[in-house]
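Asks: Sequences are here, hints too, so could you generate the full structure?
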Amino acid sequence: TTTTTTTTTTTVAAQTNTNNEAADFRGIRLPEITKRGVARGNYAQLHRKAWLEVSDKHHRYGKNLRMYYKHWESLGHPYHMFFDWLDAKGEAQGTELPNLPELPRSVLDSDTVQYIADPGISASYALDIVADPTDGSAFVIDRRSQTPICTGKEGWIFVLRDHVFYGSQKVIAPNKVVETSSSSANSNTNADENNNATTTTKPRQRFHHSSFFGGKAVASAGIFLTDDQGHLTHLYPHSGHYRPGEAHVQRVLFFMQQLGVELSTFVVDMQQLFKVSRKFAPKGGNNGNDTAVADNKENTGVLGKQQTTVPQQTKKAKKTDCLHLMCGLETACFLAHKALMIERGVFHQIHKIRRIAPDARSVRNILNHVN
1 TTTTTTTTTT TVAAQTNTNN EAADFRGIRL PEITKRGVAR GNYAQLHRKA WLEVSDKHHR
61 YGKNLRMYYK HWESLGHPYH MFFDWLDAKG EAQGTELPNL PELPRSVLDS DTVQYIADPG
121 ISASYALDIV ADPTDGSAFV IDRRSQTPIC TGKEGWIFVL RDHVFYGSQK VIAPNKVVET
181 SSSSANSNTN ADENNNATTT TKPRQRFHHS SFFGGKAVAS AGIFLTDDQG HLTHLYPHSG
241 HYRPGEAHVQ RVLFFMQQLG VELSTFVVDM QQLFKVSRKF APKGGNNGND TAVADNKENT
301 GVLGKQQTTV PQQTKKAKKT DCLHLMCGLE TACFLAHKAL MIERGVFHQI HKIRRIAPDA
361 RSVRNILNHV N
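Here the sequence shown stands for residues 1 to 371, numbered as in my numbering.
Keep in mind that the hints are not guaranteed to be accurate.
Stated by the list, open to error - Distance windows between CB atoms, simulated:
1) K170 / H369: 34 to 42 Å
2) G345 / N365: 13 to 21 Å
3) K315 / L340: 22 to 30 Å
4) P104 / M81: 20 to 28 Å
5) E154 / S124: 40 to 48 Å
6) C327 / E154: 49 to 57 Å
7) R143 / K70: 38 to 46 Å
Claimed, not checked - Listed below are the simulated DSS-like cross-link pairs for lysine-lysine, each with C-alpha atoms no more than 25 Å apart in a straight line:
8) K316 / K153
9) K170 / K57
10) K170 / K316
11) K319 / K170
12) K319 / K63
13) K49 / K318
No lab work stands behind these hints: they were computed from the structure.
Don't be surprised by glycine CBs; every beta carbon is placed ideally from N, CA and C.
Replies: Structure, rendered in structure tokens:
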């Protein structure tokens, strides 16, 4: 009870701050759909970076929309509303639609994300979690076909909503030929009269965490991995749309425990919860040791043009390349103890102590300061 109460309070407060930031996201109207389900305990709302994608009636890929949004900002916010400029008013007045050379309009319009609005379709992605009577491990099965889910090494994305676990393969490369098997779960498969699998040439939309419920709030989101028999082995709180935190992990672990799952039978990635820095990889190789000579006018000051040596541009490595794995039971205990310490004000006292001058940090002074 202590853990749940503390987590809920913290999550609601964080989301209140996020909602207050909406006023700063100029030129779009945040759809109310992102708040649906919060009253039922689904406190995780879409991160603000996904607001463009969910606000777009075509649900074009958010990363692409953000590139056009930055360009719109650089022009001084013409037409005041972003999507009026992007799709409607300029064309109605005889001007061409925006078309960036680095991201052609055809690519922007064709690269879309699936947002499911039909509850029946959403329900088709429901999975059942059954505790194995031999060792208590989580057995993941498709609710419709009752077949085990074997995710492979890449894993499946999942959301937890209204105490139901939903999962599917993530589609990140749209507009490619889809090769499917008639026995694959959660796939749009064409089969002939003999039930032989066929190849679908219809372009696919991306399928992300926001796809399951069309951008509605959820309780938790991430990635799960199973072995060849369908037993849960790994749980990653990774989602660019919902940005999982401690509360997400607590909810899904509590959900598993309520179903009788032994939490020590799988591991959880803790890199984000422990604030572990992700490794950096250089763009173009060479281990990041090379430097580039740039003709940089902005950094030369009164000297005019000169050659400036700058570090080679780098990028973050994938989360899955920087895993920090911990047993699920240890993770649950860690988060429960942390929540208890927050409720009892331990961290508040620690912050008080840190403000004491180092040369005055005697035991007597510390106790007097805290009390």
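Asks: Of all the hints given earlier, name the ones this structure violates by number, lowest first.
Replies: Violated hints (numbers, rising): 1, 3, 5 and 6; every other hint is consistent with the structure.
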